[in-house]
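Given these sequences and hints, build the entire structure.
Chains as they are written, first to last, in the numbering used here: chain Y, 1 to 115; chain X, 1001 to 1109.
Do not rely on the hints blindly, as some may be mistaken.
The list that follows gives simulated cross-link-like pairs (lysine to aspartate or glutamate, DMTMM-like), each with its CA atoms no further than 25 Å apart [stated by the list, open to error]:
no., chain 1, residue 1, chain 2, residue 2
1, Y, LYS14, Y, GLU52
2, Y, LYS64, Y, ASP27
3, Y, LYS41, X, ASP1081
4, X, LYS1096, Y, ASP88
5, X, LYS1057, Y, GLU87
6, X, LYS1065, X, GLU1032
7, X, LYS1073, X, ASP1062
8, Y, LYS41, X, GLU1080
9, X, LYS1096, Y, ASP27
10, X, LYS1057, X, ASP1081
11, X, LYS1096, Y, GLU63
12, X, LYS1065, X, GLU1080
13, X, LYS1057, X, GLU1079
14, Y, LYS14, Y, GLU87
15, X, LYS1096, Y, GLU52
16, X, LYS1096, Y, GLU103
17, X, LYS1096, Y, GLU22
18, X, LYS1022, Y, GLU103
19, X, LYS1022, Y, GLU22
20, Y, LYS41, X, GLU1020
21, Y, LYS41, X, GLU1008
22, X, LYS1096, Y, GLU59
23, X, LYS1073, Y, GLU103
24, Y, LYS66, Y, GLU22
25, X, LYS1022, X, GLU1032
26, X, LYS1065, Y, GLU103
27, Y, LYS41, X, GLU1079
It should be emphasised that the hints constitute simulated quantities derived from the structure, not laboratory data.
In this text the structure is predicted, and so the values were computed from the model without any measurement.
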Amino acid sequence: GAVVSQHPSWVICKSGTSVKIECRSLDFQATTMFWYRQFPKQSLMLMATSNEGSKATYEQGVEKDKFLINHASLTLSTLTVTSAHPEDSSFYICSATGTMNTEAFFGQGTRLTVV
Amino acid sequence: AQRVTQPEKLLSVFKGAPVELKCNYSYSGSPELFWYVQYSRQRLQLLLRHISRESIKGFTADLNKGETSFHLKKPFAQEEDSAMYYCALRYSSASKIIFGSGTRLSIRP
Chain Y
1 GAVVSQHPSW VICKSGTSVK IECRSLDFQA TTMFWYRQFP KQSLMLMATS NEGSKATYEQ
61 GVEKDKFLIN HASLTLSTLT VTSAHPEDSS FYICSATGTM NTEAFFGQGT RLTVV
Chain X
1001 AQRVTQPEKL LSVFKGAPVE LKCNYSYSGS PELFWYVQYS RQRLQLLLRH ISRESIKGFT
1061 ADLNKGETSF HLKKPFAQEE DSAMYYCALR YSSASKIIFG SGTRLSIRP
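Here it is in structure tokens:
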């Protein structure tokens, strides 16, 4: 199957700083990318959907100014957690679908710890 | 609103026993249903989707629109089936994919 890679796999940052997480589709063009957040022992919660070249569509309750999403190319989407606080600590996962829009491929996830 | 419900957080069965992981959904349109699996320390991966009507690793799932269910079944569980299983729904209008809360399947030897 196609490969989606996230970077970094884990990051620790100080409260008040911003953190950028990258999501890349390595061998296909990702027309749509999804960002999820997963709390320990819980399911994936969809945060936002982004289409290449368009503004992201955020789910209800997700602050767009807090979680900045950029999908500037067909192979890269970034999630920036701005002014991070300890409650933003979580596992963030991206997934991507290609032009055929059938199967979604998942990144390995990024564990963010805000101290 | 669209929703995926997996009523069991944990399902434990003996090796060789049949397995059924339940999934119900709520969506007024034409749904596209998936089962994803996450093995220990690995990323989520697609197990099967309803439009393919295929059997993967001995697992099958049938979409029942009348009962709005998409239960995952396997007649004889194997130890390597132990994993976290997520039922997912894509709504065609928005192409969003949402997940159920997941069921941890534990196969006892």
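Evaluation of the provided hints:
1. A hinted pair counts as satisfied when its Cα atoms are at most 25 Å apart, and Y/LYS14 with Y/GLU52 does not qualify at roughly 31 Å.
2. At roughly 29 Å between alpha-carbon atoms, Y/LYS64 and Y/ASP27 are farther apart than 25 Å, so this suggested pair is violated.
3. A threshold of 25 Å between alpha carbons decides the hint, and for Y/LYS41 with X/ASP1081 the separation of about 19 Å falls inside it, so the pair holds.
4. The suggested pairing of X/LYS1096 with Y/ASP88 holds, with an alpha-carbon distance near 23 Å, which does not exceed 25 Å.
5. As the CA atoms of X/LYS1057 and Y/GLU87 are separated by approximately 39 Å, the hinted pair breaks the 25 Å bound.
6. Straight-line distance between C-alpha atoms of X/LYS1065 and X/GLU1032 comes to about 11 Å, which keeps the hinted pair within the 25 Å bound.
7. For the hint linking X/LYS1073 to X/ASP1062, the alpha-carbon distance of about 9 Å falls within 25 Å, and the restraint holds.
8. A threshold of 25 Å between alpha carbons decides the hint, and for Y/LYS41 with X/GLU1080 the separation of about 20 Å falls inside it, so the pair holds.
9. With a CA separation close to 22 Å, the supplied pair X/LYS1096 and Y/ASP27 stays within the 25 Å bound.
10. Distance check on the hinted pair: X/LYS1057 and X/ASP1081 sit about 9 Å apart at the alpha-carbon level, within 25 Å; holds.
11. Among the hinted pairs, X/LYS1096 with Y/GLU63 is consistent with the structure: their alpha-carbon atoms are about 18 Å apart, no more than 25 Å.
12. A threshold of 25 Å between alpha carbons decides the hint, and for X/LYS1065 with X/GLU1080 the separation of about 31 Å lies outside it, so the pair is violated.
13. With a C-alpha separation of about 12 Å, the suggested pair X/LYS1057 and X/GLU1079 falls inside the 25 Å cut-off, and the hint holds.
14. Annotation: proposed proximity of Y/LYS14 to Y/GLU87 holds, straight-line Cα distance about 12 Å (limit 25 Å).
15. With a CA separation close to 15 Å, the supplied pair X/LYS1096 and Y/GLU52 stays within the 25 Å bound.
16. Restraint check: the Cα-Cα separation between X/LYS1096 and Y/GLU103 comes to about 12 Å, which is no more than 25 Å; the hinted pair holds.
17. With a C-alpha separation of about 20 Å, the suggested pairing of X/LYS1096 with Y/GLU22 holds against the 25 Å cut-off.
18. With a CA separation close to 21 Å, the supplied pair X/LYS1022 and Y/GLU103 stays within the 25 Å bound.
19. Under the criterion of a C-alpha separation no larger than 25 Å, the hint pairing X/LYS1022 with Y/GLU22 is inconsistent with the structure, at around 34 Å.
20. Proximity of Y/LYS41 to X/GLU1020 is assessed by CA-CA distance (about 21 Å); at most 25 Å being required, the pair is judged to hold.
21. Between Y/LYS41 and X/GLU1008, the direct Cα distance comes to roughly 13 Å. Compliance with the 25 Å bound is thereby established for this hinted pair.
22. A C-alpha spacing of about 10 Å is found between X/LYS1096 and Y/GLU59, which places the hinted pair at or below 25 Å, so the restraint holds.
23. Only pairs whose Cα atoms come within 25 Å are accepted, and X/LYS1073 paired with Y/GLU103 is accepted, the gap being roughly 21 Å.
24. Taking the CA atoms of Y/LYS66 and Y/GLU22, the gap is near 16 Å; set against the 25 Å cutoff, the hint holds.
25. Of the supplied pair hints, the one linking X/LYS1022 and X/GLU1032 holds, its CA atoms being roughly 16 Å apart against a limit of 25 Å.
26. Among the hinted pairs, X/LYS1065 with Y/GLU103 is consistent with the structure: their alpha-carbon atoms are about 21 Å apart, no more than 25 Å.
27. At most 25 Å may separate the alpha-carbon atoms for a hinted pair to count; Y/LYS41 and X/GLU1079 meet this at roughly 21 Å.
In the structure shown, a violation is registered for the earlier hints numbered 1, 2, 5, 12 and 19, in ascending order.
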